[in-house]
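Asker: Spelled out from the first residue to the last, the chains are:
2 protein chains.
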Amino acid sequence: MSQTIHINVIENILGANDQIAIKNASLLKANGVMTFNIMASPGAGKTSFILKIIEKLSDKYRIGVIEGDTSAATIDADKISKLGLPAVQINTGGDCHLDANMLRSGLDNLDLKSLDLVLVENVGNLVCPAAFKLGTYKNILVASIPEGDDKPYKYPAMYSAVDALIINKIDLLPYVPFNMDYFISGVKMLNPDLVSFPISCKTGEGMDEWVKWVTSVHVDFRSS
Amino acid sequence: MSQTIHINVIENILGANDQIAIKNASLLKANGVMTFNIMASPGAGKTSFILKIIEKLSDKYRIGVIEGDTSAATIDADKISKLGLPAVQINTGGDCHLDANMLRSGLDNLDLKSLDLVLVENVGNLVCPAAFKLGTYKNILVASIPEGDDKPYKYPAMYSAVDALIINKIDLLPYVPFNMDYFISGVKMLNPDLVSFPISCKTGEGMDEWVKWVTSVHVDFRSS
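Chains A and B, in that order, are what the protein sequence lines are.
Going left to right, the first sequence walks through residues 1 to 224 as my numbering numbers them.
Going left to right, the second sequence walks through residues 1 to 224 as my numbering numbers them.
If you are wondering where the hints come from, they were derived from the structure by calculation, not from laboratory data.
Since the model is a prediction, treat every value here as computed from it, not as a measurement.
One thing to keep in mind: the hints can contain errors.
Identical chains blur together in the list; that is why a pair holds if it fits in one copy or across any two.
[What the hints assert, rightly or not] Below, computed lysine-lysine pairings styled on DSS-like, alpha-carbon distance capped at 30 Å:
1) K202 - K29
2) K138 - K56
3) K23 - K202
4) K56 - K113
5) K60 - K188
6) K202 - K113
7) K113 - K188
8) K113 - K212
Chain A with its partners taken away, still in its complex shape:
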């Protein structure tokens, strides 16, 4: 009985979440701000990837960052602020994902008129964030080599929910067992058209292809 009540309440919350996500998308479109929801396991390299995007694209786009964290530690937001870019931290208070309402709070703390691109770093988690739409333009998953090649098979909901896949830490390929064909087969089974970018935030390898993709996606966004 209590389980039935629980399911109903969750459905109501998801419904409310999706409504707020639609409003977020409208607000962002009206302000000409393209947004990426960047999801990953803890430690896959979301923040390093964001720093690399800033390095490559801050001369082209005015970039802001929203950092989702389960705790009050401002480690990631501090790294962005040090670069002189607007950064907002959302402390989820222990919650395992960002939701559309949290993103709205983050957006309310940015001057959207002065930005072209907002990078949203979700909580490190391969399960829950996949279930909550935020209203961002694209969902991006950062996988990493040391996590292992079986992750698409084990976390199918996340791999199915994204528009682009970053395969980070390819510099570690010589040191860990990772069968790229097996990994990509799992990805393609779930999400046949998913575009993927093998990169290393450490060496910079692969970032140019990613930057090209962002640029073409931005053209689509502007004309949408």
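Dock chain B against chain A, hints included.
Answerer: Coordinates of chain B only, in the frame set by chain A:
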């Protein structure tokens, strides 16, 4: 208003969960079965660690394994079954953690009388599993070097909730930035008495110290 209802329901579920966890602990104690709840990020090496424990301790203890997965893929359970050990897979149906009732279902599918040690592999997630007691004797966290040294600061609830910390993949220390002092400072701030074991499942380094700990904990369990 809907948020208030949600919180109340969650509290009720947690209360029910804890009651089942207590029953699980009694059942396990009555059968002389020590259990570890093994938690980690996706890809930190939980399954490799379990395989290493089996390699080191299957001559001393009769071991069974319960594998928690968000999907129906039986990759990990198959690895255990191949060794001829009893393995049960719990498919959470997309849920981000095991709960006490799921563990109970797993235990119902093992012949507890014929086992000394059951290793429970939780869903790969550094947030949600920390909130759900299962009734296992000890909670173990597997961290890994490539995840980075800031994880205690970012996922404090998990680091606070465990009885032992495995620091896996120390063979990768030469290839990734990882400040062990900074990492350990974060751990000690949250959980001052937490015992930790730097290991490599790849090379076997550090496993002997871990095995000594398991043996001493088993003595405590038997006399408890």
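Asker: What are the numbers of the hints that this structure violates, sorted from low to high?
Answerer: 1, 3, 5, 6 and 7
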